[in-house]
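Undergrad: One letter stands for each residue in the lines below.
Protein chains: 2
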Amino acid sequence: MGDRFAVLTIGDELLNGEIADTNTALIGRILGSCGYLLRDSLTVGDVEPDIEEALLYLASCRDVVIVSGGLGPTEDDLTARAAAGAFGRRLVLNDEALGLIRDHFQGLGLDMHPRNEKQALLPQKIRVLPNARGTAPGFLLQHNGKDLFFLPGVPEEMEAMLQASVLPLLRERGGGSLPMQERVLKVFGLSEPKTEELLSRAGLPEGVQVAFGVDFPLVAVKLRASGKSAEESLDRAELLARRALDEFVVAVGEETLAGNVARMLTNAGLSLAVAESCTGGLICSMLTDIPGASAFLERGAVTYANSAKQQWLQVPAQTLAEQGAVSEATALAMARGIRLAAGTDLGLAVTGIAGPEGGTAAKPVGTVFIALDAEDQPKVKGYRFAGGREKIRRLSAIMALEWLRRFAASRRADI
Amino acid sequence: MGDRFAVLTIGDELLNGEIADTNTALIGRILGSCGYLLRDSLTVGDVEPDIEEALLYLASCRDVVIVSGGLGPTEDDLTARAAAGAFGRRLVLNDEALGLIRDHFQGLGLDMHPRNEKQALLPQKIRVLPNARGTAPGFLLQHNGKDLFFLPGVPEEMEAMLQASVLPLLRERGGGSLPMQERVLKVFGLSEPKTEELLSRAGLPEGVQVAFGVDFPLVAVKLRASGKSAEESLDRAELLARRALDEFVVAVGEETLAGNVARMLTNAGLSLAVAESCTGGLICSMLTDIPGASAFLERGAVTYANSAKQQWLQVPAQTLAEQGAVSEATALAMARGIRLAAGTDLGLAVTGIAGPEGGTAAKPVGTVFIALDAEDQPKVKGYRFAGGREKIRRLSAIMALEWLRRFAASRRADI
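Protein sequence lines, in the order shown, are assigned to chains Z and X.
Our numbering puts the first residue of the first sequence at 1, with every later residue one more than the last.
Our numbering puts the first residue of the second sequence at 1, with every later residue one more than the last.
Just so you know, nobody snuck in bad clues.
Because identical chains cannot be distinguished in the list, a pair is counted as satisfied if it fits within a single copy or across any two copies.
In silico BS3-like cross-links for lysine-lysine, where the CA-CA straight-line distance does not exceed 30 Å:
id, residue 1, residue 2
1, Lys118, Lys222
2, Lys118, Lys194
3, Lys194, Lys381
4, Lys118, Lys391
5, Lys118, Lys186
6, Lys194, Lys379
7, Lys391, Lys186
8, Lys363, Lys391
9, Lys391, Lys222
10, Lys125, Lys146
11, Lys222, Lys194
12, Lys381, Lys363
13, Lys186, Lys222
14, Lys228, Lys146
For the record, the hints were derived by calculation from the structure and aren't laboratory data.
Just need the whole structure built from these sequences, with the hints factored in.
TA: This is the structure in structure tokens:
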């Protein structure tokens, strides 16, 4: 019933692996926020017959097409010519477009380079769309009731023209739906199928769609609804999903797990110091990524060498010799040691073998101990994580953050 | 004359603005390095009729189609069913695929969740492609002489399967051209236009193409050549580019700046300790990302609080009071302090204001001091970096690594 929207992005660099196409996502986000949902997206290279073929295909089966790329001044910019060819129009020097290009250079105190005149060669019977941020004007070409918007490929120019010209023209056209609203729950400790199973029994309200994404090792649950009561439906859905997934929901919306931990520790007035071995600064880096981390994080130690563990964390030489640097006892001593050195409420420690070297039969690669020391509550646990060095480090860091989140949550419940 | 290659990526998240499609670029890069050039790329959402329509369209006009996404265990993963529908095959439980999924879970010491059985429901008469890194097997479906490869959407799984299964099968198929070879130089300290200008005067050999990419704050210079003498042309081009860009080339090929630093420090037998304030563990995290970092990295300190700077790094209270925690004097004292505490050859320190809070008129957000202390060579410098918190942290970390690289390079030249 609604209009069918498509995107066409043009450029060799999008197909030969040089850069990823970010314009489709940008267009999808902006149109989506106004209730226009993209049906599909096509990418072709700087090849005139391929551009023509794609334009004809999309004009045959979609109602609105946003085209980006190929409007520049150089020889490999072929979009206007291909559009003229595809829809049987002559390519003519468009005075309005030429005036805009001249104005752009004048605004910069420059003369127009003769090559830029090419950017005013446009198909006949189009509507020029001004480009406030660059030289390439865009245009709207209408064909059999279909609207084809041609925009430059530079993301910031394209985005500004989408907002300034395309959205107002789409509003005139009508045919959008109410925007889809989304709420994301980030889940840790459940597999994707297990998450889906629990949610399938949650009795989510009708009209709420569920989609899943993975940001290793987290699963993102996306609750979506549209229409006038979308907000209420999502509130209800979030409540039911939280009940179903319980303590496995570690963050909601834009917030990351680290951001959630930072907020909870700050609110609880808990100070923290971190001692890292195999994660090598990753936990501190994730926490200090959050503005205001200095409110709770006193210090961190990356103690790769045993001498550092002894000197800064007071890990007994005997513990290191008898139990090894990767052991329950060492993890506990590191957590206690960093807490006492820093004088904080909490001391967190991680020690493990991230590989690829360093594993043994008793302690293979992936063996990781996490310890959390609070005044009377030292706690330690050993894990055996699967995967390569990067996965093991990331999983260790996320698991350690999750320990902090649960501790802060339990603390809050005590009050 | 050659086979026509296309990509189809599947997922609502690629069209609603949630994430940009990076798989097309990844596939384009890998296929391109083997001489297979992508003709076009299509993206559709998790909508069965749309997937069917796209498959039928591509099978009608392309010879090889790489499909990614929609092979997961959840209800919104519809690719296998759509493929069965599009090509009139029955969807059956594939025993080989089921065995692979069971094996994957067994390897992790886990039982298979019953929902994962769905991932073995595949069209009839296909060839199963094993997935060494995840649960979703892929498959090759042949239709009227066209090859359609179905791979999961998770980039690392997709990439591994492309290398392990798809490329060998494409080689059997034949039809590729001579591969384009590529050599990447990573440049730090020059803008993209400046890099291009210097290279334009380098006199690169004919037949060598140059493309640019940006991985903030690095610029990637991509030298490409094909044909039988590609290797020699690239050797010559690399030499000339290195001469033109000189010390601004910080890494070559797959190696990262951190990896280069790790290798150079290890080779030079230099040991290192790092004290971080505004980068909060990012430098240590980048260095420990490299396997074998323990060969040179003795320890790291994330000293957010002044007490940590005094206690562990012996920064004088007077320096902190009079010059401030973000100052030349403090950076120098931190570098000296961590070197002496760790007993290493080098002490590296970074202190700064990453924002968004904490800036003053005299020391605005972006003020960063880097210090490197070697036995008789303390060195310190202040920077004023532009951008938000993430950019300032990343630029600070990369700049500090670049100090290490230049120090190690100068050391090597002394020998």
